[in-house]
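Protein chains in written order, with this note's numbering: chain A, 15 to 124; chain B, 4 to 115.
Hints should not be assumed to be uniformly reliable.
Now the in silico label distances, taken between C-beta atoms and shown as ranges [said to hold, decoys possible]:
1. B:Arg47 / A:Asn80: 21 to 31 angstroms
2. B:Asp57 / A:Arg91: 39 to 49 angstroms
3. B:Gln44 / A:Val43: 18 to 28 angstroms
4. A:Glu17 / B:Asp57: 25 to 35 angstroms
5. A:Glu29 / B:Val55: 41 to 51 angstroms
6. B:Ser76 / A:Ser109: 13 to 23 angstroms
7. A:Ser66 / B:Thr113: 39 to 49 angstroms
8. B:Gly6 / A:Gly55: 13 to 23 angstroms
9. B:Lys60 / A:Asp69: 30 to 40 angstroms
10. A:Leu60 / B:Val55: 23 to 33 angstroms
Residues from chain A that face chain B, not an exhaustive set, calculated with beta carbons under 7 angstroms [said to hold, decoys possible]:
11. Ser46
12. Ser57
13. Pro58
14. Leu60
15. Ser63
16. Phe114
17. Gly115
18. Ser116
19. Gly117
Hint data in this document are derived by calculation from the structure and do not stem from the laboratory. Computed from a prediction, not measured in an experiment: that's the story for all the values here. We put the CB at the ideal spot given by N, CA and C, even for glycine.
Residue strings, one per chain:
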Amino acid sequence: QKEVEQNSGPLSVPEGAIASLNCTYSDRVSQSFFWYRQYSGKSPELIMSIYSNGDKEDGRFTAQLNKASQYVSLLIRDSQPSDSATYLCAAQDSSYKLIFGSGTRLLVRP
Amino acid sequence: DGGITQSPKYLFRKEGQNVTLSCEQNLNHDAMYWYRQDPGQGLRLIYYSQIVNDFQKGDIAEGYSVSREKKESFPLTVTSAQKNPTAFYLCASRGQGIYEQYFGPGTRLTVT
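Build out the structure end to end from the sequences listed, making use of the hints.
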């Protein structure tokens with residue numbers, strides 16, 4: 015069964031620090047990976063997508079992909095209290111369906 | 004204003020009743036998806052549709068039904084056969100040739 019694993023947290027970091035969120039996946043066929051941010055009671059919001067090995071940067075966010083290790087990560091630089099949310103990692107299978115992890119809860123302390 | 008709308012935001016039903024959740028998009032996306040989210044868990048795929056008049060079961064389709072008569076609409080019916088229907092239901096869509104899925108605001112269904 016295809017799986018995406020995330021540490022449920024909470025991951026607690028001080029304001030201004032780098033938050034590092036990690037995700038592993040089991041399906042070697044997966045080529046596309048996504049990070050969604052979900053505030054409590056709200057729907058997921060896409061913040062990053064990554065398709066190739068290496069790093070992809072967008073503002074304070076950097077996604078990292080290592081297909082050999084089946085590992086995806088999200089770095090959030092200069093973390094703000096408004097970044098406090100649950101971060102969902104998703105892998106896309108060959109039918110374009112998304113397989114989601116259970117999410118990591120991030121708390122940024124003022 | 005382009006986007007995905009879901010209605011209603013909150014829905015309450017008695018056990019044994021069927022209920023239909025609405026999902027509409029004006030993004031001209033071909034593919035649409037229904038997910039269910041339970042507290043503290045990730046999203047699980049219920050049904051998806053890649054084109055009009057065609058849809059496939061996801062991982063947890065039992066007790067649910069869908070239709071796709073129009074490109075912009077993908078309603079989900081939660082039937083009385085669904086054993087634990089109380090959950091947060093999320094609709095998403097994806098454009099042709101695009102990998103990303105975008106979500107609507109969700110419907111929180113409570114069945115008592």
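Structure-based check of each hint:
As the Cβ distance of Arg47 (chain B) to Asn80 (chain A) is approximately 26 angstroms, the hint placing it in 21 to 31 angstroms holds. For Asp57 (chain B) and Arg91 (chain A), the Cβ-Cβ distance of about 43 angstroms falls inside the hinted range of 39 to 49 angstroms, so the restraint holds. Hint check: Gln44 (chain B) to Val43 (chain A), Cβ distance near 24 angstroms, so the stated range 18 to 28 angstroms holds. At about 28 angstroms, the beta-carbon gap between Glu17 (chain A) and Asp57 (chain B) stays in the expected band of 25 to 35 angstroms.
Evaluation of the 41 to 51 angstroms hint for Glu29 (chain A) and Val55 (chain B) yields a pass: the beta carbon distance comes to about 48 angstroms. Checked against the hint of 13 to 23 angstroms, the pair Ser76 (chain B) and Ser109 (chain A) passes, with Cβ atoms roughly 22 angstroms apart. The hinted window of 39 to 49 angstroms between Ser66 (chain A) and Thr113 (chain B) holds, with their beta carbons roughly 43 angstroms apart. Restraint check, Gly6 (chain B) to Gly55 (chain A): a C-beta distance of roughly 19 angstroms satisfies the suggested window 13 to 23 angstroms.
Between Lys60 (chain B) and Asp69 (chain A) the Cβ separation comes to about 37 angstroms, which falls inside the hinted range of 30 to 40 angstroms. Separation of Leu60 (chain A) from Val55 (chain B) is about 24 angstroms and conforms to the stated range, judged on CB atoms against 23 to 33 angstroms. This hint holds: Ser46 (chain A) has a C-beta 5 angstroms from the nearest C-beta of chain B, less than the 7 angstroms allowed. For Ser57 (chain A), the interface hint holds, the least distance from its beta-carbon to any beta-carbon of chain B being 4 angstroms, beneath 7 angstroms.
The criterion of a C-beta within 7 angstroms of any C-beta in chain B is met by Pro58 (chain A), whose closest approach is roughly 5 angstroms, and the hint holds. Below 7 angstroms, beta-carbon pairs count as interface contacts, and Leu60 (chain A) has one with chain B at about 6 angstroms; its hint therefore holds. Interface restraint check: Ser63 (chain A) against chain B, minimum CB-CB distance 6 angstroms, threshold 7 angstroms, status holds. Of the supplied interface hints, the one on Phe114 (chain A) holds, with its beta-carbon coming within about 4 angstroms of a beta-carbon of chain B, less than 7 angstroms.
The closest approach between the C-beta of Gly115 (chain A) and any C-beta of chain B is roughly 5 angstroms, which is under the 7 angstroms cut-off, so the hint is satisfied. Hint status for Ser116 (chain A) relative to chain B: holds, with the closest Cβ pair at about 4 angstroms, below 7 angstroms. Hint on Gly117 (chain A) holds. Least Cβ distance to chain B is approximately 6 angstroms, under the 7 angstroms limit.
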